[in-house]
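Visitor: Which chain is which? The protein sequence lines are A and B, in order.
Taking full-length UniProt numbering, the leading residue of the first sequence gets 1, the next gets one more, and so forth.
Taking full-length UniProt numbering, the leading residue of the second sequence gets 1, the next gets one more, and so forth.
To be clear, the hints were calculated from the coordinates, so they are not data collected in a lab.
Keep in mind that a hint or two might mislead.
Unchecked claim - To list a few chain B residues with every Cβ distance to chain A over 10 angstroms, as calculated:
| # | residue |
| --- | --- |
| 1 | E13 |
| 2 | G29 |
| 3 | S111 |
| 4 | L130 |
| 5 | G159 |
| 6 | W182 |
| 7 | K262 |
| 8 | R264 |
| 9 | P268 |
| 10 | Y284 |
Stated by the list, open to error - Just a few of them, taken from the derived set where beta-carbon distance is under 7 angstroms, the chain B residues facing chain A:
| # | residue |
| --- | --- |
| 11 | V3 |
| 12 | A21 |
| 13 | V25 |
| 14 | A27 |
| 15 | K28 |
| 16 | I30 |
| 17 | L40 |
| 18 | A168 |
| 19 | L170 |
Model, not experiment: these values are computed from the prediction.
Built from N, CA and C at the ideal position, the CB exists for glycine as well.
Number of protein chains: 2
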Amino acid sequence: MAVYTRVDAEDIEQFLTRYDAGSLVSAKGIAEGVENSNYLLETTTDRFILTLYEKRVNPDDLPFFLGLLDDLVVAGLPVPPAIRDREGRQIQQLAGKTACLIQFLPGVSISHPTPAQAAATGKALARMHLSTADYEPTRQNDMGRPDWHKLARDCGPEGLNAIHAGLAALVDSELEFLDEHWPQNLAISAIHADLFPDNVLMLGDEVTGLIDFYFSCTDFTAYDIAVTHAAWCFSDDGLTFDSRISDALLAGYEAIRVIPEKEREALPVLARGAALRFLLTRAYDWINTPPEAMVTRKDPMAFLNRLSFYQQHPDVFSA
Amino acid sequence: MAVYTRVDAEDIEQFLTRYDAGSLVSAKGIAEGVENSNYLLETTTDRFILTLYEKRVNPDDLPFFLGLLDDLVVAGLPVPPAIRDREGRQIQQLAGKTACLIQFLPGVSISHPTPAQAAATGKALARMHLSTADYEPTRQNDMGRPDWHKLARDCGPEGLNAIHAGLAALVDSELEFLDEHWPQNLAISAIHADLFPDNVLMLGDEVTGLIDFYFSCTDFTAYDIAVTHAAWCFSDDGLTFDSRISDALLAGYEAIRVIPEKEREALPVLARGAALRFLLTRAYDWINTPPEAMVTRKDPMAFLNRLSFYQQHPDVFSA
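Between the sequences and the hints, there should be enough to build the whole structure, so can you do that?
Guide: As structure tokens, this is what we get:
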């Protein structure tokens, strides 16, 4: 959430000459997205996001992400494609980093979504899933179930218990439960895998952008519904479940893509998995980020609270 | 250089209803300026910078800064005024902070200025000085000569010598020299006091913005020339003086405002003072910023090198 790599305006001007994208009028480093450096550029013809990929994103994964975005644009989804230069290249080098010039999309990220906004997001997610089912390239989910075991080991029982007394045992038993009950043979597609309100741009009740596809991967389509549900339907601290948001999100989704019975039955387990995934990545970051660092540590407890909710309320996904 | 205070998009939308400024289309936290939180806003009618003032800026000083900007706008200078709401207020409260909605200006900050760009900046600075001479409110320079003594004491001899062997003695003797030779009775006006290339927006060779007036104060007009000279005429590390930039900056300035003989004679001492000012503030930040903090520490040595240059080359300001 910072600008890690500083690029001189002169170098951005030079970079833009590779494209038919006008000449530079303004460049502001923006604090957003996963650990990349982003500049909001205004040129004489348009606006763009210039992204320099830092350590979080493996440049080898970019063809998967960018190809997916291109397909979604063709399908009419409001996602930001990487612009091609005059020679057709999307992936560039700038200031020693892999870099892309990306279409700017209007809209703001909502902090406290309304049911109408949740419904619109459910529709957009379903529309995305109808398209991504046909996306042929694959990318393994590197925040998937096997990785949760590794994250738990890396946190260590002491690290987890320092966050919350008894958390290590809770995580162990949940991992065991999920290994035992994780669904099989559900429909697979490319999924966003991180569709928090931060990653949805809106104007009023309209979705104007689905962004930040840098966790996208090939996994159960229904897992994406579970992640989005965990991301949207609770207060920040995870203590309050908002059934109106949940109902609107699921109804919006089903207005476009009916959730097959088998997926619906799996959602309670998938949602527990989604809650555990964010609990563990946040716990890992919590343990490995010194409190004095100028980075906001997101509280892992917010997802332990969601996990508890899903453990106690499997019925929340019933039709 | 980070976003310290997060403001919800919904709160920005609400905030904008106080103004005739359109409704919100986009809001991006931007990493720029002194220690404030800044958002680049796009509305249905215009673009703005939303600034939330953090600890560096004393809200009591805002009327001085904003009044100065208003006067400079009237004088035709490209500076960003704070927008007034429907009731005429410029200074607001938002997210628990003092906040202003500020006009967006196009242009980029140049990292390696050309002589033509330095000349344009010299002209803009002189044009500003012609106007600021009439600005009646006053604000004491809180980074002035008495404060350098305090900064040196706060750094302590050990702190300074840890940065560079012998630095404490160097600073002491320079402070003594400046106390003895600091000019008297030069023309006084409101000055920018921090006109680094970062704080000048340009399109090609044209100055499109003078920004970040949060160090502006009432002091010798010629001291502003000295600060700008120290900020523009050296390589980043201060080891290489660029006489073409220096000549262009001063010639550009004098195309608008002839530097009186008395000011010209004082410039070598004022420039030593300017170099020491940034040496000391950088040394203070260096000593008080842990190396692992995610903030770029600016190297104090870059201004020790400038100080050495000015000590050895008082002739650089000769007509």
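Visitor: If a hint holds in the structure, say so; if it does not, say that too.
Guide: Hint check results:
{"no.": "1", "hint": "E13", "verdict": "violated (8 angstroms)"}
{"no.": "2", "hint": "G29", "verdict": "violated (4 angstroms)"}
{"no.": "3", "hint": "S111", "verdict": "violated (4 angstroms)"}
{"no.": "4", "hint": "L130", "verdict": "holds (28 angstroms)"}
{"no.": "5", "hint": "G159", "verdict": "holds (20 angstroms)"}
{"no.": "6", "hint": "W182", "verdict": "holds (36 angstroms)"}
{"no.": "7", "hint": "K262", "verdict": "holds (37 angstroms)"}
{"no.": "8", "hint": "R264", "verdict": "holds (32 angstroms)"}
{"no.": "9", "hint": "P268", "verdict": "holds (31 angstroms)"}
{"no.": "10", "hint": "Y284", "verdict": "holds (18 angstroms)"}
{"no.": "11", "hint": "V3", "verdict": "holds (5 angstroms)"}
{"no.": "12", "hint": "A21", "verdict": "violated (15 angstroms)"}
{"no.": "13", "hint": "V25", "verdict": "holds (5 angstroms)"}
{"no.": "14", "hint": "A27", "verdict": "holds (5 angstroms)"}
{"no.": "15", "hint": "K28", "verdict": "holds (4 angstroms)"}
{"no.": "16", "hint": "I30", "verdict": "holds (4 angstroms)"}
{"no.": "17", "hint": "L40", "verdict": "holds (6 angstroms)"}
{"no.": "18", "hint": "A168", "verdict": "violated (28 angstroms)"}
{"no.": "19", "hint": "L170", "verdict": "violated (30 angstroms)"}
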